[in-house]
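Chemist: The task is simple: from the sequences and hints, build the whole structure.
There are 6 protein chains.
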Amino acid sequence: MDCRIIKSPSEGTMAILNRRKGSGIRDKIDNIDAVGLVQGRLIEMVVASDIAEKAVGVTTEDIRGSCPQNMIMLAIFGDTASVTSAIEEIKKTWETEQW
Amino acid sequence: MDCRIIKSPSEGTMAILNRRKGSGIRDKIDNIDAVGLVQGRLIEMVVASDIAEKAVGVTTEDIRGSCPQNMIMLAIFGDTASVTSAIEEIKKTWETEQW
Amino acid sequence: MDCRIIKSPSEGTMAILNRRKGSGIRDKIDNIDAVGLVQGRLIEMVVASDIAEKAVGVTTEDIRGSCPQNMIMLAIFGDTASVTSAIEEIKKTWETEQW
Amino acid sequence: MDCRIIKSPSEGTMAILNRRKGSGIRDKIDNIDAVGLVQGRLIEMVVASDIAEKAVGVTTEDIRGSCPQNMIMLAIFGDTASVTSAIEEIKKTWETEQW
Amino acid sequence: MDCRIIKSPSEGTMAILNRRKGSGIRDKIDNIDAVGLVQGRLIEMVVASDIAEKAVGVTTEDIRGSCPQNMIMLAIFGDTASVTSAIEEIKKTWETEQW
Amino acid sequence: MDCRIIKSPSEGTMAILNRRKGSGIRDKIDNIDAVGLVQGRLIEMVVASDIAEKAVGVTTEDIRGSCPQNMIMLAIFGDTASVTSAIEEIKKTWETEQW
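Residue numbers (my numbering), protein chains in the order written: chain A, 16 to 114; chain B, 16 to 114; chain C, 16 to 114; chain D, 16 to 114; chain E, 16 to 114; chain F, 16 to 114.
Please keep in mind that the hints were generated in silico from the structure rather than gathered at the bench.
One copy or any two copies: either way a pair holds, since identical chains are not told apart in the list.
DSBU-like, lysine-lysine: derived pairs with alpha carbons at most 30 Å apart:
id : residue 1 : residue 2
1  : Lys69     : Lys106
2  : Lys36     : Lys107
3  : Lys43     : Lys69
4  : Lys22     : Lys36
5  : Lys106    : Lys22
Modeler: What follows is the structure in structure tokens.
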């Protein structure tokens, strides 16, 4: 499982994420402080999504890969502090539970 | 084969599962106590689905989006005790039969 | 190549197989005594389908994976004795011919 | 590269091949004496298709559904002698040219 | 990266390539002297396409695999001398630049 | 992660990229000085896209069609100096952060 945080994501980066998010391209996510990215197996991403949403005030989205059917990345949107804290919580649970 | 149980799944987590469940997004599953996740090869998931439904009062759904293509994820919805019991039954059969 | 037999498949299990079978979801297969599952490479599945249909009175269906394009499992529907016999025949041919 | 020949293919087997052949399900192939199957990487299958068609009076079709994505299957339809001869030619070229 | 040249490609072979080429099935490519095939990773194929078009008077097409989303082979159409020369140029660049 | 720069990309090469870019085939990108290609895992490509756009005056696009599914390709369009500089910046960050 890999994690990354992008602060003040650029326009092209948000366009890629908006095009590939599971809830569709209609409701574009914009003016975001930070985005956390978590890539791993599907079962891990679903659990990570749950941890992130319970830990702090962020929203999560599944990001599709090359095939529309594949969810391969989790995006966590919010202010920098919340996203950082959500990613930390995911990493901590991962290590503690030998998930 | 990997198993996880999520208690009181968050809204974003249920949204991801509802979008990706095999029976379509129309009949949304809501107000669920717990969800059990089982990820493995398609043949294992079909057998696991059968064990879960025969063991306890839960419903099962196949979740699209695992990668590679011959992997899928099974979601088991129900109250915490039933989901836990279904997951235990799957694990037990797996070990007993060297499935 | 992996084989499994499910006796009196549960409702959710048949729903997963009906949604994913190659002939489409229209003609649902129901009230089935047993279902045999064979997972392997595409060339193996096509040969296994032929052996099953020639050996006993069963019907075979290709089962799709995550992508609609992928056939990754063969389902053999029929009464328990016929399905068991078809699976045995497939295994025997597999071993004899070093298929 | 794997090769198999099915003589007098059963109805369910032809249904799977007809559903998955590249030229579509409209023009069904029926009453076929034999079908040769060749599975390998896409570049190999295109070359094999060319060898088969040049060697003997058979028709070739690409079959969708192999996994992983850069694998496809080639089906060679014709009478038993022609299909056998086409498969032999493919194997011979494969070995000679260290293809 | 694998390369192959097919001289006077057969009808069934051209049908497979026409069905799978990126520019669609509408504008069929016919009466071709030779076709060069190059299979590799996407980044390699795009670079190879550029080398082929700059070296000689050939046209290039991306060939899809099992999923419509996947480009997995490059086809180079033209007369035998041009196709051969394009393939040679690709191989030379590949080796020189330790691409 | 692999990087390549194509100077004065040929017509067929731009056609492949235009057909496969995430923003669709409608708004064709043309008359481009250079294109930088970066292939890697989805999470890396999103980060690389952000670095490229912040470093210099280029535009980025995700290119569909890599295989396996968790791989995509990023295309960076702009004048030769800007594309080269963006690729350098991506490589530098990659090495510095042991990304």
